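Chains as they are written, first to last, in my numbering: chain A, 3 to 265; chain B, 38 to 311.
In case anyone wonders, no lab produced these hints; they're calculated from the structure.
No experiment lies behind these values; they were computed from the predicted model shown.
The beta-carbon is built from N, C-alpha and C at its ideal position, and this holds for glycine as well.
Here are the simulated DSBU-like cross-link-like pairs (lysine-lysine), alpha carbons at most 30 angstroms apart as the crow flies: (1) B:Lys89 with A:Lys207; (2) A:Lys43 with A:Lys207; (3) A:Lys80 with A:Lys254; (4) A:Lys182 with B:Lys89; (5) B:Lys179 with A:Lys47; (6) A:Lys181 with B:Lys233; (7) A:Lys47 with A:Lys136; (8) A:Lys133 with B:Lys89; (9) A:Lys43 with B:Lys89; (10) B:Lys218 with A:Lys16; (11) B:Lys233 with A:Lys43; (12) B:Lys179 with A:Lys43; (13) B:Lys233 with A:Lys207; (14) A:Lys133 with B:Lys233; (15) A:Lys254 with A:Lys97; (16) A:Lys47 with B:Lys89; (17) B:Lys233 with A:Lys80; (18) A:Lys182 with A:Lys254; (19) A:Lys181 with B:Lys89; (20) B:Lys300 with B:Lys57; (21) A:Lys47 with B:Lys233; (22) A:Lys182 with B:Lys233; (23) A:Lys97 with A:Lys5; (24) A:Lys136 with B:Lys233; (25) A:Lys43 with A:Lys133; (26) A:Lys5 with A:Lys254; (27) A:Lys16 with A:Lys88; (28) A:Lys5 with A:Lys80.
Which bits of chain B does chain A cover? Going by a derived footprint, with three or more residues having C-beta under 8 angstroms, they are: (29) 87 to 98; (30) 225 to 235; (31) 241 to 254.
Only part of the chain B face toward chain A is listed, based on derived beta-carbon distances under 7 angstroms: (32) Gly72; (33) Trp73; (34) Ser76; (35) Ile79; (36) Gln80; (37) Val83.
In case you want the letters, here they are:
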Amino acid sequence: MKKYLYIIKTQIIKRLTYAFDVYGNILVQTIIMITSAFFWKALYKDGGTAGGVDVDSMLVYIIMSSVLSVLLITNVEKRIEQSVQKGTVATDMMKPVSLFGIYFAEDIGTIIALILQNILPILLIGSLLIKVPKMADLRDLPIFVLSVLLSFFINWFLAALFGMMAFSAVNIDALIQVKKHLIRLVSGSIIPLWFFPDPIANVLKFLPFPYIYQLPLSIYIGRGTRAEIFTGMEIQLAWAVVLFLVFLFAQKQITRKVMVQGG
Amino acid sequence: MKKAFKELGHYLDVTIQVIKMAFLTIVEYPANIAGWMISNPIQFIVGFATIKFVVESFGEINGWNYGQLAFLYGLSVMSHALSMIFFVQGWFMGYFVLEGDFDRYLTRPMSVLYQFFFTNINIFGITDLIPGILVFVYGCIKCAVQVTPFFVLQVLVMLIGATLIRGGIYIFLGSTSFYTKSTTDFGMYTQEIMDKTTLYPISMYPESLQFILTYLIPIGWVSFYPVSSLLGIENSVLNGMVVPFVTLLVGLLVITLSGLFFKAGLKKYESAGN
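Using the sequences provided together with the hints, build the complete structure.
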């Protein structure tokens, strides 16, 4: 455990030195937040509700979606790809730490650094320029936090599993882009699934993606009944467990493959 | 006069050769382009699906229905793709400045800016062009557009103008590297801003922002004004058949100004000991 804490610490220090990256992400998130705020305001011009949500809740939704997107930054795909391309993966595996443990610790370190560097500025900019993203019901805070944690794990395991494709495909840059765009659409990060046509929304409900953004954000803005939320969280938990098991299995397979290749 | 024609002919010859070479790179790296062939269209199809789902739930956005938005979206993606093919290098100009790569171009008897863009044609931009055309054709059908020769001319003129505006903006941003001596890669931010201001009608933004997008950074002319004119949607700045031609004028103006800014920057580069 101590080893991983050390990796987290180094990663935090590393991230804190790359200042421009940080401002860049704040800038992009600000552009996205503000333009989508105008987009939703134009749509809700006549007031009222759509999909059971009014314009104020929708604005909170997009601000919190920007915040969540920072927590869900993963670098594990890129790391796997690079280590496979450079061939460092074999030596990394000989180190007395688990390969994916390193990647996980690095991503955690990045996020801790970003909480200060990105999340606070985004929240501040969003509050000043759009509206203060107050939670609908503060008593839901514990389940919101729990749900964000689960969504973090779902997202990370998906990314890791995806990155493992680099072991057979070597160059997965284009695939990473495809995954990014598809997840943006089907996770509810840009538009909530309640605006989707029913058949599509009903299928997506059973996939892990809406539980990355949509579920925690719905809890935050207080959409849906208690029962609906708990059902959602059960599915979320189930997906987190399933993906974890698949991840463990795939990790074993990959390790064996590299060991054979490396002699 | 004769000399000018001869020189123009020379530039044309070189352009044709360069485009031929660019196509050869596709043959060289088929797997690479196959990946982008899937990933780039998906980006725009996802973006378009977003608009479709939302606008169908609400009916319209600022008086634009869903077919009209498809028309706007398609044309905007097409000019984006063209600017990716011919002008994307502007994003990376900073690296050329810092690495001293312009030295190579300076020794040759052709315009530096021409060489910079045309010897680096990014043929992979075609992967963006295809989804653009698809969405545009879909929009034409949804809006029941009458395809007359004049309509085709208007579309072509506005596409050229829009590509020049985008290209001019890339050149301008890239040329700032001559002064800042840094390699800031503006690509991601330019792209994000351009997407949000050309894929949707800018009438949804507050008037101050619309003013900036019309007169200061003329992104509004890339798609919003010409498309409004083509579809007969009223706006408060300029209406009528002439708008696509105004786009071309704005494009020529922007690219000329950026070219001058680049030239001024290049002088600075030369004086830095090269």
